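Participant: Chain Y is already provided as a structure; the job is to place chain P on it using the hints.
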Amino acid sequence: MTTAERRSGGHVPGEEGLWVFIGGDLVVFAVFFITYAVAHRQEYALFEASRRLLDRQLGLLNTLLLLTSSLCMAQAVAAVRRDDRRARPLLLATIALGSGFVVVKAFEYAAKISHGFTLNTNSFSIYYYMFTAIHLVHVLIGLGVLCFAASRFDKAGRMPGGAALIEGSGAFWHLVDLLWIVLFALLYLL
Amino acid sequence: MPSILANRAVLVWAVLVAATLLSFETTVLGTSGAVILVVAFAKVLLVGREFMELRDAPAPMLWAFQSWVVAVCGVLLALFFA
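Residue numbers (the working numbering), protein chains in the order written: chain Y, 1 to 190; chain P, 1 to 82.
Looking at chain Y on its own, in the form it has when it is part of the complex (with noise of 0.2 Å):
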């Protein structure tokens, strides 16, 4: 953050406009939280029961695969920032990650469904389908923007036009990591 930026009450990273859809987004999930969890409250016994079916293992791996995105992410606009030529690589390992987690999430609704567990099994099978989906079209959409900014990079490893883009696909791309984060503790975790 620059000093003119301290002084004007504080630094947005990437586009403005990027952050109403962020906030837009913040707001639906919210929905999405509260409507599973008076689902949970009504159908109790099946949402224990089907919930347990889930793999532990395979949501905690997600998760971790998502935390370290976003280290990489964070560190590759840090890297931008300062004009560092390693920003290109640490954007590629958020890219490659990235892409674990939906390799990782496929396997997973593969084996879910070759076990007759479907969208239409029960209800809690809705929601478990719904909002990974939807989650997963994020990561989907995170990853052709971080393709998109990886892009960009001059031959000598440069971002030229400074570091909005690169701010921008980066706070969406920790969007995606934080809705995950609520999503696993929900769904795996409770």
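Please keep in mind that the hints were generated in silico from the structure rather than gathered at the bench.
On a predicted model such as this, the values are computed, not experimentally measured, just so you know.
Note that the Cβ used here is the ideal one computed from N, Cα and C, for glycine as well.
Simulated restraints, written as ranges between beta carbons of each label pair:
hint : chain 1 : residue 1 : chain 2 : residue 2 : range
1    : Y       : F148      : P       : A42       : 31 to 39 Å
2    : Y       : D55       : P       : V35       : 17 to 25 Å
3    : Y       : G17       : P       : R8        : 26 to 34 Å
4    : P       : G33       : Y       : I134      : 20 to 28 Å
To spell it out: a stretch of chain P is covered by chain Y in this simulated footprint if at least three of its residues, at any positions, have a beta carbon under 8 Å from a beta carbon of chain Y; those stretches are:
hint : stretch
5    : 43-51
6    : 73-79
Facilitator: Just chain P now, kept in the frame of chain Y:
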């Protein structure tokens, strides 16, 4: 060239991973669901403030986010455990 292995982001990541692993080992620790939920939202707060850099953002953005964390966590605690 600053180290990318020893800085504030790495410390934040280490805390997030440690909290995740502790929450996961619920049967070992006998942790209650309420603690798991509070730990999850503490992690959310950390990701928002540190990785999303909201701690350096204009105060209304930071407080809107922190209010979201406290409100959603509070409502979920009430719905799950009250």
